[in-house]
Each structure stands twice: as C-alpha cells, then as structure tokens.
Amino acid sequence: MLRAVIGRDLRLAMRRQADIVAAMFFFIIVVSLFPLGVGPEPDQLRRMAPGVLWVAALLATMLSLPRLFADDHRDGTLEQLTLAPQPLGVIVLGKVIAHWLVAGLPLVVLAPVLGIQFDLSSDALLVLTVSLLIGTPALSGIGAIGAALTLGVRGGGVLLSLLVLPLYIPVLIFGAGAVDATLSGLGPQAHLSLLGALALGGVFFAPWPTAAALRVALE
Amino acid sequence: MLRAVIGRDLRLAMRRQADIVAAMFFFIIVVSLFPLGVGPEPDQLRRMAPGVLWVAALLATMLSLPRLFADDHRDGTLEQLTLAPQPLGVIVLGKVIAHWLVAGLPLVVLAPVLGIQFDLSSDALLVLTVSLLIGTPALSGIGAIGAALTLGVRGGGVLLSLLVLPLYIPVLIFGAGAVDATLSGLGPQAHLSLLGALALGGVFFAPWPTAAALRVALE
Amino acid sequence: MTDRVINWYKYASPQTFYPLAGKLIPWFWALAALFGIAGLTIGFLIAPTDAQQGEGYRIIFLHVPASWLSMFIYLVMAFWAGIGLAFNIRLSGMMASALAPTGALFAFLSLWTGALWGKPMWGTWWVWDARLTSELILLFLYIGFIALQAAIDDPRRADKAGAILALVGVVNIPIIYFSVKWWNTLHQGASVSLTKAPSMAAMMLWGMLLCALACWMYSIAIALMRVRTIMLERERHTDWVRALLSGNGHDTSRHP
Amino acid sequence: MLEASNLECVRGERSLFAGVSFRLDGGEMLYVQGKNGSGKTSLLRMLCALTPAVSGEIRWRGGPIGKLGEEFRSELCYLGHQNAIKEELTPLENLLSSARLAQEALDEDAALDALALVGLRGREDLACRYLSQGQKRRAALARLVNEKRALWVLDEPYVALDPAAVELVAGLIGTHLQAGGLAVLTTHQAVSVPAAAVRELWLGDSDATQRPQ
Amino acid sequence: MLEASNLECVRGERSLFAGVSFRLDGGEMLYVQGKNGSGKTSLLRMLCALTPAVSGEIRWRGGPIGKLGEEFRSELCYLGHQNAIKEELTPLENLLSSARLAQEALDEDAALDALALVGLRGREDLACRYLSQGQKRRAALARLVNEKRALWVLDEPYVALDPAAVELVAGLIGTHLQAGGLAVLTTHQAVSVPAAAVRELWLGDSDATQRPQ
Amino acid sequence: MHWNSFAEFLAMGNHAVYVWGSVGVMAVLMIAEPMLLVRGRKTLVARLKRQLRAEQHESVANRSTSNTHRSQA
Ligand code: HEM
Ligand SMILES: Nc1ncnc2c1ncn2[C@@H]1O[C@H](COP(=O)(O)OP(=O)(O)OP(=O)(O)O)[C@@H](O)[C@H]1O
Ligand SMILES: Nc1ncnc2c1ncn2[C@@H]1O[C@H](COP(=O)(O)OP(=O)(O)OP(=O)(O)O)[C@@H](O)[C@H]1O
Ligand SMILES: [Mg+2]
Ligand SMILES: [Mg+2]
Chain A
15 MLRAVIGRDL RLAMRRQADI VAAMFFFIIV VSLFPLGVGP EPDQLRRMAP
65 GVLWVAALLA TMLSLPRLFA DDHRDGTLEQ LTLAPQPLGV IVLGKVIAHW
115 LVAGLPLVVL APVLGIQFDL SSDALLVLTV SLLIGTPALS GIGAIGAALT
165 LGVRGGGVLL SLLVLPLYIP VLIFGAGAVD ATLSGLGPQA HLSLLGALAL
215 GGVFFAPWPT AAALRVALE
Chain B
15 MLRAVIGRDL RLAMRRQADI VAAMFFFIIV VSLFPLGVGP EPDQLRRMAP
65 GVLWVAALLA TMLSLPRLFA DDHRDGTLEQ LTLAPQPLGV IVLGKVIAHW
115 LVAGLPLVVL APVLGIQFDL SSDALLVLTV SLLIGTPALS GIGAIGAALT
165 LGVRGGGVLL SLLVLPLYIP VLIFGAGAVD ATLSGLGPQA HLSLLGALAL
215 GGVFFAPWPT AAALRVALE
Chain C
69 MTDRVINWYK YASPQTFYPL AGKLIPWFWA LAALFGIAGL TIGFLIAPTD
119 AQQGEGYRII FLHVPASWLS MFIYLVMAFW AGIGLAFNIR LSGMMASALA
169 PTGALFAFLS LWTGALWGKP MWGTWWVWDA RLTSELILLF LYIGFIALQA
219 AIDDPRRADK AGAILALVGV VNIPIIYFSV KWWNTLHQGA SVSLTKAPSM
269 AAMMLWGMLL CALACWMYSI AIALMRVRTI MLERERHTDW VRALLSGNGH
319 DTSRHP
Chain D
498 MLEASNLECV RGERSLFAGV SFRLDGGEML YVQGKNGSGK TSLLRMLCAL
548 TPAVSGEIRW RGGPIGKLGE EFRSELCYLG HQNAIKEELT PLENLLSSAR
598 LAQEALDEDA ALDALALVGL RGREDLACRY LSQGQKRRAA LARLVNEKRA
648 LWVLDEPYVA LDPAAVELVA GLIGTHLQAG GLAVLTTHQA VSVPAAAVRE
698 LWLGDSDATQ RPQ
Chain E
498 MLEASNLECV RGERSLFAGV SFRLDGGEML YVQGKNGSGK TSLLRMLCAL
548 TPAVSGEIRW RGGPIGKLGE EFRSELCYLG HQNAIKEELT PLENLLSSAR
598 LAQEALDEDA ALDALALVGL RGREDLACRY LSQGQKRRAA LARLVNEKRA
648 LWVLDEPYVA LDPAAVELVA GLIGTHLQAG GLAVLTTHQA VSVPAAAVRE
698 LWLGDSDATQ RPQ
Chain F
56 MHWNSFAEFL AMGNHAVYVW GSVGVMAVLM IAEPMLLVRG RKTLVARLKR
106 QLRAEQHESV ANRSTSNTHR SQA
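Chains as they are written, first to last, in our numbering: chain A, 15 to 233; chain B, 15 to 233; chain C, 69 to 324; chain D, 498 to 710; chain E, 498 to 710; chain F, 56 to 128.
Heads up, some of the hints might be wrong.
[Claimed, not checked] Distance condition first, Cα-Cα at most 25 Å in a straight line; then the derived DMTMM-like pairs of lysine to aspartate or glutamate:
(1) C/LYS91 to F/GLU88
(2) F/LYS104 to C/ASP222
(3) D/LYS645 to A/ASP89
[Said to hold, decoys possible] To list a few chain E residues with every Cβ distance to chain B over 10 Å, as calculated:
(4) GLU510
(5) GLY524
(6) GLN530
(7) GLY553
(8) GLU584
Note that these hints are calculated values from the structure, not bench results. Cβ atoms here follow ideal geometry from the backbone N, Cα and C, with glycine treated the same way.
Excised from the complex, chain A in its bound form (with noise of 0.2 Å):
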C-alpha cells in the first residue's frame, strides 16, 4: 500500500520532471544569491555558510509544500484517498516518503558541492551533508501538517508558512550547529543526535495530525 502511494507520487513527480530540476535549482540559486547581497570575503562566507544552506534547505523544501496535497484536493483524488481502505495515516506517511524523495534528497546531495564554494573543510561538508540527510525527512513530515492545515484556505501558500516555518527553527538550530560545532572544532554528535530525535518524531507522529487536519479540510 505505502508501495502504492510513493509509486503515484513519484511517477507523477517524473512526470512533470521540472518539479524536480526546478526545486534543486531553488535551492542552488538561493544559496549562491548570498554572496551577491553579503560581498565575497572568504571568512565571513565560511561562517555563513552552515545557516545559509540550511536556511535554502528549509526554503527549498517549504516552496513544494503546498502542492503536497492542493493537487489531489483539486481534483478530487484525495476523497479518493480518504475513503480507500488503509487509514489515512498511512498514505499520508507514504506521500510524505514521496515528498522528501522528490524534494529533500535532492538536497542533500547537491549540498556538498555548494559547500565548496563556500570553502568549507571537508569535515564541515560531511558534517553538512549528514545533517541534511537526517534532518530533511523531517522537514517533510512537520511540512505535512502545514499544508494539511492550509488546505483550501484563503490565502493558503503564506499562511503554511506562517505555521510552518517556526516548527522548522528547531530543525534549523541543531541542522546548522551540528555544522557551526564542526567548524569550532566541537563534536557534531549532540546535535545530530536530536535531529535524528527531531526526524523520527517527524516522519512517524506527523502522519496522524496531518490525516486529523486532511479529514478536517474535507469536511
């Protein structure tokens, strides 16, 4: 079943390949816009550069949120959805799994090659990449309520950020101190740690809420 949904989603995703390319291309433009708007000196750039990629991260992935679910709600499959036998939960988990396929690994693989144009050790872009890899997963399923919640409402793409954005900051915290500690020479371990914790709690508890919120916005 999970198998079901994540193949749908992906294939559309293929489908319309732009989705993609486009979203890696957010995030890339994103980070490489900074060093326009800041100036070029390579130390600040450094110890700019954790909170930057982050920051792109967060951005790039709240950008495809909206459409997790307003696709399928506008023309009517996510009834569909709803009344399919499983419980809801469980296609929700298997939509957010498709999401971060499509939306989040993308990143964290282009993560390490924007490191170096920051100059970052390749201790930091280890560190980097493993944070991205951890934390985005759970972007994806904290993004799920928010765009479970804004479903059909007025002025929706802002308002999920508004609602989503502040439960990303704590992903966003221990996402770029994992890498800030590496830099200062301090172990990334506690931070990955409680992204790890921050992820899990993200991909397995946000599904109910988020199913709770879809049923809500169906009503």
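Position chains B, C, D, E and F with the ligands relative to chain A; hints supplied.
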C-alpha cells in the same frame, strides 16, 4: 479600466487578508531565520543585514508570484480578461500594480523594524527602506513575466523561481549595494538611480511581454 | 451517544455557561485589580534596589509575569483544543479561540519588556539566544493559530484545524522553559538575578508572584469576556441567544 | 444494507434538509433528486462518511458507518463532481493507480479493455490534460467497469458525456444492480437505468417555481 | 456576420476535423454537435480567436478575426467549460467585476435582479466556494442576463444545471436571438431553444457505435 | 517606602526609558484589550439585534423561511 483591474485584485486580496499578513510574516520569519542559522555575533549580523533583507524581500515577492495569474487561469477568468476589449498589456499593468500594493509595499514598511534586529544605524535603515521602495516595483514587474511564462506549465512554482531569480539579481545587487555603500561611508545615490531605472523598466516595459506570454499560455 | 453529546454541547453548555461566565467576570476583575495593586506596590515602591542591575531590574515585575502567562495560556489553550477535538465539544473550541489573542498579547509583552530590559543590561535590544528565539516562535505560533482560524470561515472547521495546530505546537513550551538549562545563553536562568540577601529576594519574589497572579486573573476575566462574545456570534441562531437578544436587554447591554 | 434515519444537513446557517430517512437493499438504486443546491452532493458525501451528519444516523449492514471505518470503505465506490484523475497521467496510468490505491487487483489488459469500453481506445497513452471534457469524465468512469464493491455512490456521473456514453454508464449501473449491488445516484438528466428497482428521494423545499414539472 | 471557411483543427498528430465551413447571421444559432472529443470545444475556441486555426479562415462582419482584435472582442461573449468565477468572491461580486472588466455598465440592482433570475436569491453574499456545482454554473451564466454583445459562444452551458435552470438559459438564448444576436452552442442535452433559426453542425467521424441514434 | 522623592521614583536610577517604556506599553495594551472587547461586543449585539428584527419582520411579511432572505447589515 486600470482602476477596475486594480480594484478587483485588491478586493480579492482583502478577501484573503491572510495573504497580505502572511506575506509580511514570511518576510519577518525568513529574516529572523538567518541569525538562527548563522549565530548571534552582532558584528557579523550587521554586515549580513542588507543582503539578508534583500534576499528575503526577493523570496517573499517571488512566493506570491505564482498566484498572480494562476487563480485567474484555473477558473477561466484569464480567458475573459484576454477577451476584454482593452489591450491585455494594460490589464497586466493593473495586476502588477495591485501585486505591488499587496506584496511589495508591506515589505517596505516592515524593513526598518527588522533592520533594528540587525543593529543597523538609522542612516542605513533609511537607505534600506528607500532602496526597497524603489526596487520592489521592479520585482513585481519582472516577476509578472515569469509568472505568465510558467502559467499552466508543469512544475510551475519552482520553475518560476528558476526563471525569475536570475532576473532579480541586478535588483538585488543594486539594492543591497546601496545599503552597503552607506554602511561603508560612500553615498548610495549611484545605486539608487540604477535601481530606479530598473523599476521604471520593470513596471512599464514588462507588461507587454507578459501579455504576449499569457496569450501563448492560453492557446 | 453521539446524539446526547451533540445536544449537550450545542445547546445546553453554552447556554448555561454564558450567564455563569457573566457572573464570574466581575470577581476576576476585582481579584486582578487587588493583586495588581499589591504586586506593583511591592515591586515599585517597597522593593529595594538590585545590587547589580540598579533600578532597571524592576522590569522583572512585568517581564516575568508576562513570560509565564504567555507559556501558561498556550498550555491551557492546547488543553481546551485537545478536549474539543477528542470529544467534539464546541465550548472548548470557543475557549481556545478566546485565549489565543490574550496569549499573543503576553508573548508580545514578554518580548517587549525583555527587549527594553536587554538594552540597559546586555547593551542590545535583541540577541538570537535560545530563550528569546523560542519565545518569538511562541508568538508566531499564536499568530499562526489566529491566522489559521481567521482564514477558515466555518467555525467548526476552524476549531478543529486550530486544535491540531495548537497541539502540535505544544512541543515549543518545554523548549522555552528549559532553553536556559539546555543551552548556556545570555538570558538569566531561574533565580539568578535574585540578589544575595534573602529578605530582598523574598520581597522580589512576592512582588513577582503577586503581579503574575494579577495577570492570571486578568487573563481569566478577558477570556471569559471574549468567549461570551464568541458564543453570541456563533450561537446567534439558537433560541437562547434569540431570547437573550430580543428579551431582557439588560443582560446583554450591561457590561459585566 | 444501507439505512439512513432522520438525517439533517446544515450548511452555514442554512438547514438544507432534515428528517431524511431511507433504506436500500441489494439490487436497489436510490435516485436522489432536487434542484441545484438542494443538498444532493451534501447527502452523498454524508453517505460516504466524508462529512459528519449534524444529526441522524447512517448504518451499513447494521453498523453505524462512522464506527465501521475500513470495513465500510472497502465496500464503497464514490465518484464525485470532480473526476479524481491526474491530468499529468494517462488514462491507463490513472486507472491502474486508482485500482492499486483501492487495493484491487487489476492487470493492464483488463484496464485497456475497460478504457476501450468507455470509448478511450487510442487515447490510453495520452496525458489526461489533453482529453476533452467528456473524455476526462469517461476516464474517471472507467473505474466502474471492473468495480466489484457493493455500494456505488455516483454524483452526476452523466455530466459532459455524450448520449452514447450516458447509455453505457447507465448499462454499467444496471449490471451492477443485477449482480446484487447498491447504487446511490444523482443526475439532472432523466436517464432510465435498465432493470433496476429504483427508489426516488426528493430533496429540498417545494418551491414550485424552481421544481421541474 | 460570422463566417468560417474550410477550418481545420489538428491536436497532437490527430486531425480532429477539416473543411468545416458555415455562415451565421443575426438571429441565427449554430448548434455544434459531435461525440466526446470530436473537437467542439476546439472549434469554439477558434471562433473566439483563443486558438489559431491550422488552416481556413474566420471572418466577423467581413474582416478576419485575427486582425480585428479589439473590435471583434468587444462584440463577443464566451463561456467555456470552466465557470470563470472566483471562488473567494460572492456571486454578486463576481458578476459586477466581470461586467466592469468587460467595460459594461451594470449597477448593483441590475446585478441582484440577474442573480435572482438565475435562482441565486439568498446566495448573493455567499462566497462561491460554498455554492453547489449547479449554483456555480448559474453564477457564471448570470452574465448572460444583461449581456448585449452580438455573438455568444457557449460551450455546454447546461452542464450541472437542473431542468428549470436549463429552460431558463434556453430562454435567455432565445431572447438574445430574437434581438438579432448570434449564438454558437454545444451541448449533449437535447434542449430546444425557443424561436431560433438553428443551423446544425456535426463534427467528427461517422463511427456508428459512438454516434447517438 | 523605598524612594526619597517622586522625581527619584520617576528617574528610576537612569533607567526611566526602559522601565516606564515597559510599564507604559503593558498598561496601554492591557487596558486597550478589554476596551476593544467591550466595543466589539456592543457592535456585535447591535448587529445581531438588527438582524433578528429584520428576520422577524420578513418572516411576518411573506411567511418565507430564513432560507431565502438576503441578510445585509
Ligand atoms: C526579548 C527578550 C526576552 C525574552 C523573550 C525573555 C523571555 C523570558 C521567559 C519566557 C521567561 C520565563 C521563563 C522562566 O520562568 O524560566 C523569562 C524569565 C526571566 N527573564 Fe527574560 N526574556 C527576555 C529578556 C530578558 C532580559 C533582558 C532579562 C534581564 C537582563 C531577563 C530576565 C529574566 C528573569 C530574571 C526571568 C525570571 C527567571 C526566573 O527566576 O524564573 N529577560 N524571560
Ligand atoms: N456556508 C454556507 N452558508 C450558506 N449556505 C451554504 C453554505 N455552504 C453551502 N451552502 C449551501 O449548501 C448547498 C450545498 O448544496 P449541494 O452541493 O449539496 O447541492 P446539490 O444538490 O449537489 O446541487 P447541484 O445539483 O447544483 O450539484 C448549496 O445550496 C449552498 O448554497
Ligand atoms: N496532443 C494531442 N494528441 C492527440 N490528441 C489530442 C491531443 N490534444 C488533444 N487531443 C484530442 O483532441 C480532442 C479535443 O477535443 P475537444 O475538447 O475539442 O472535444 P469536444 O468536442 O469539446 O468534446 P467534449 O464533448 O468531451 O467536450 C480530444 O479528442 C483529444 O483527445
Ligand atoms: Mg451537487
Ligand atoms: Mg468540449
């Protein structure tokens, strides 16, 4: 006629007030995220401030772009606008102005308050506000082209950012540059007048390619 | 089962709660005034100067109550929201909506007084430290809750959606509270600023507690007032509201 | 099998209908009628447990549908005003993936046959975005061809279809009923479903100017 | 007034129709028929200059519509499969703003009357999102009540309407024709428009299994 | 009593801006909130009464249900 379009779009925006408020909060939150990711040293924050505020303004504007035409497209209103007697360019101009009033102006108002968080001097705050006041109309104008080009295209929202952000870069550079110049004791005049030229071009030239793109999207 | 619960929440509860709340409100106002006067007298007239911070420390008598209340109200709001979601009781949804603006007010006041305190003490209005940041998140959560409810016209749907958000956001409260313990930050941890002499500490503590109590009573009074307004609006088509509106005007026009 | 007692529907401050009761057994069809906005769609969504009823109760095989959950949903097939097809996918992909989500076995040949039956031969591999309005509806209705679930709830299935397709769909419903299935249907087009025990339900007030003669 | 000669429509690699010619004068209605997917919508969009024709020409009062531009558009009223109403706005606001955009004078009273006529009394101030499917369509069709433009192009206007509303719309079209207007119409529901000189146009191949009897 | 003079009280040991800034904003907001509430409640009650009266009037006038009435303030 211009008034009719602006009036209608403003009414729609008021109806989903959440939109305006939330766009402002998006701006606030993005600006507030950076210190979280980057760390709290005031000196570094001050040097980042112009870049961060301008990038946030770019992103906030960009987020509101997809809905510039998408709603009208989905429910068939856009076809009706195209069939209206007056030139489509004028209608687009009206929509651009309405978009700026809803999405651009609030950012200008908020910027000084947020600048304080970054410990900016009052001189720099003034220049920041003025640069946003001049620059944001350009963002709306240029953004309209992108919104029209990606209308109804698979992967719309993110593809849009891919198209628009590169075009935004000059605005970003002159805008953030004006503030930087003030911070480093040079005058902001040169930057600001270039920004003004961009804005004029953006608002009065952009509607025509936008109109053409809309016609193509409808074919 | 459904039948009785529905009838209970739809008709009986607001109908009985409305006049009850009307009777309670003056008492809470009185208590708020009493505690407020006592607390402010102790805090601003009697309590001695702080050894390190001078007179500026007196902001504590506003800042701490506001901060406490901002967190506490969120917990209460989430509690009501949860009850409403679980048992489908409409009154609790109304209570949650009634609490949110006051909670947002206190979150804002906590930030404001904190910022005004930070300038003389830390030399800056704002730092991005964990406590301050998580308090800011709290304000955003309140605003998100209010905005979400405002964006949904159907009150029952708004209640449910808001409840889900409120419950999810509860995780932020322990983060605010323990942030000073978990991260070493600029912000004082508990009781650091209470200076050495135990008698002074006691005096400050009393002032703080009384002010907090005042804010607490204030919040209850305000929430009850607001919930009554919400009830009128939402139940305007029920018989009891119609009776109230058309009949004895004194109850509705009289300010409680 | 499907019983509703004393249903009430409130939208905003308006009570659309109240005291709606009926009972539907195997092989029977409920034909819900009423003018625009009388609450037909609302009623159908209640029957699917998508919207909770303000008061009243709906039972399926004796149990209240709110409690039955999965048990009920696995016997239900709902088709709303919306087509529930993905514009990016082809009719074939849409049909296959909706079967998979409903946990039904449907192989590609059966799916192709179903599509051919509803007149989409030659369009199986064209993204639904390019289909005409009626073809989209046909793609959605192709689900019914191999649908074995007991209860069909169809909200204006004939909309946008040409007369031939309308006949076809009416035939599908007829077959379903003959096999002992139940159907709940709304439509503004008078179409006779073959060989069905039809119960009619009128919703809405008796405002004569609005009711068709 | 409206002349089409030798129109051809190509979608993908498929030629939907070719050699379509007709001529329509004041007071006449063109009734475009054909099974689902035969190209009716495509033809109507060509007539509005929304899609260019692959070959052939369309003339309005003698001039090719591609060249006429504004002159042609200010005499045209098009209503497609989509309703072109904003879900956030109320029917009243939708009607007023669409009139304003079309540069037509319409005061609030006239708009309210039009809405009452199409059966939306009591819903004037309810956001269209809450309307039923048929009510949304009615809100869109309310434009026709005060529409004075010469050429109406209506793509399945009757969809989702109840029989009373269908009658009403047919009546509106009839009045328009009597006043010397032109109309191009598609529908799968056989509805007679009163007192109209109707020209029929059949699109599509003659696949007998699909064509209605 | 801790203070020697009222002026000293006002000066707050050179922290007047900060202390009174806090007190002032807090006081203003905490007074404004109940006042706004009372005002909002009054307008609401007035509006509801007006609607009720209109409804009763209408139902007497044409015996129609509240279904078909256009409620506008
Ligand atoms: C905008 C800035 C500030 C925010 C958001 C903030 C937030 C909070 C919160 C949420 C609490 C209650 C939590 C608890 O009781 O442990 C609190 C308590 C407190 N704050 Fe702040 N604060 C800010 C600035 C300051 C400043 C500048 C000072 C002093 C220099 C300060 C001193 C205190 C003290 C002494 C307590 C009471 C701790 C205790 O004894 O429990 N705060 N603050
Ligand atoms: N918030 C609201 N306030 C008042 N009326 C509402 C509200 N929401 C929905 N309605 C009304 O509820 C009804 C919903 O009807 P529903 O969609 O069930 O009708 P239907 O019988 O399916 O109509 P159709 O034949 O047009 O599809 C409409 O009359 C609509 O105007
Ligand atoms: N890219 C494409 N390749 C092949 N066929 C296409 C393509 N795009 C559209 N078509 C076909 O073109 C036709 C478009 O028809 P159109 O929408 O004009 O039909 P219609 O007569 O309005 O039908 P309906 O009665 O269903 O509204 C459909 O048959 C569709 O399958
Ligand atoms: Mg319906
Ligand atoms: Mg068509």
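Test the statement that E/GLY553 is away from the interface with chain B: the closest C-beta pair must be farther apart than 10 Å. E/GLY553 clear of chain B: closest Cβ-Cβ about 17 Å, beyond 10 Å.
Could you check that no beta carbon of chain B comes within 10 Å of the beta carbon of E/GLN530? The assertion about E/GLN530 holds, with a minimum of 23 Å to chain B.
Hint check: C/LYS91 vs F/GLU88, CA-CA at most 25 Å. Holds or violated? 20 Å, holds
With a cut-off of 25 Å on the C-alpha distance, tell me whether F/LYS104 and C/ASP222 pass. 22 Å, holds
Take the C-alpha atoms of D/LYS645 and A/ASP89, compute the straight-line distance between them, and say whether it is at most 25 Å. The hint holds at about 24 Å.
Assertion that E/GLY524 lies farther than 10 Å from chain B (Cβ): 23 Å, holds
Is the Cβ of E/GLU510 more than 10 Å away from each Cβ in chain B? 17 Å, holds
Status of the stated non-contact between E/GLU584 and chain B (beta carbon gap over 10 Å): 7 Å, violated
Taken one by one, the earlier hints fail for this structure only at number 8.
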